[in-house]
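> Residue numbers (my numbering): 2 to 60.
Don't read these hints as lab results, they were simulated from the structure. Yeah, the Cβ is synthetic: ideal placement off N, Cα and C, and Gly gets one too. Careful: at least some of the hints might be erroneous.
[Said to hold, decoys possible] Simulated DEER-style distance windows between Cβ atoms:
hint : residue 1 : residue 2 : range
1    : Arg15     : Asp36     : 17 to 23 Å
2    : Asp36     : Ala12     : 18 to 24 Å
3    : Gln4      : Ala39     : 15 to 21 Å
4    : Gly38     : Ala12     : 16 to 22 Å
5    : Ala24     : Gln4      : 29 to 35 Å
6    : Gly38     : Ser14     : 30 to 36 Å
7    : Asp48     : Gln22     : 15 to 21 Å
8    : Arg45     : Ala5      : 29 to 35 Å
9    : Arg45     : Met3      : 18 to 24 Å
10   : Arg45     : Glu25     : 18 to 24 Å
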Amino acid sequence: MMQAIGTLERAVSRLEQDVAQRAEVMPANPSPALDHGAARAALRSLDDLIDTLKGNGHG
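Hey, can you work out the whole structure from these sequences and the hints?
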């Protein structure tokens, strides 16, 4: 289980970096194929899920 959580954490971290890089590269002309707000919300949701799986839930 902890190995799976670690894998999820690494994947989320890579996705966060990718979203941040895309936002830097195309701030004035956002890609219609990528909704940055939705992507960030999805990543936050995954972070919350990981915390819950670890037993560190926020609420």
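> Would you mind marking each hint as holding or not holding in the structure?
Going through the hints against the structure:
The hinted window of 17 to 23 Å between Arg15 and Asp36 holds, with their beta carbons roughly 19 Å apart. Taken as a hint, the range 18 to 24 Å holds for the pair Asp36 and Ala12, whose Cβ atoms sit roughly 19 Å apart. At roughly 29 Å, the beta-carbon separation of Gln4 and Ala39 lies outside the given 15 to 21 Å, and the hint is violated. Between Gly38 and Ala12 the Cβ separation comes to about 20 Å, which falls inside the hinted range of 16 to 22 Å.
A hinted range of 29 to 35 Å holds for the C-beta pair Ala24 and Gln4, which are about 31 Å apart. For the hinted restraint 30 to 36 Å between Gly38 and Ser14, the CB-CB distance of approximately 19 Å leaves it violated. Take Asp48 and Gln22: their Cβ atoms lie about 18 Å apart, and the range 15 to 21 Å holds. Between Arg45 and Ala5 the beta carbons are some 20 Å apart, a value that contradicts the proposed interval 29 to 35 Å.
Taking 18 to 24 Å as the suggested C-beta distance range, the pair Arg45 and Met3 conforms, at roughly 22 Å. Between Arg45 and Glu25, the C-beta spacing of about 19 Å keeps the proposed range 18 to 24 Å intact.
Figure legend: structure checked against the earlier numbered hints; hints not met, in rising order: 3, 6 and 8.
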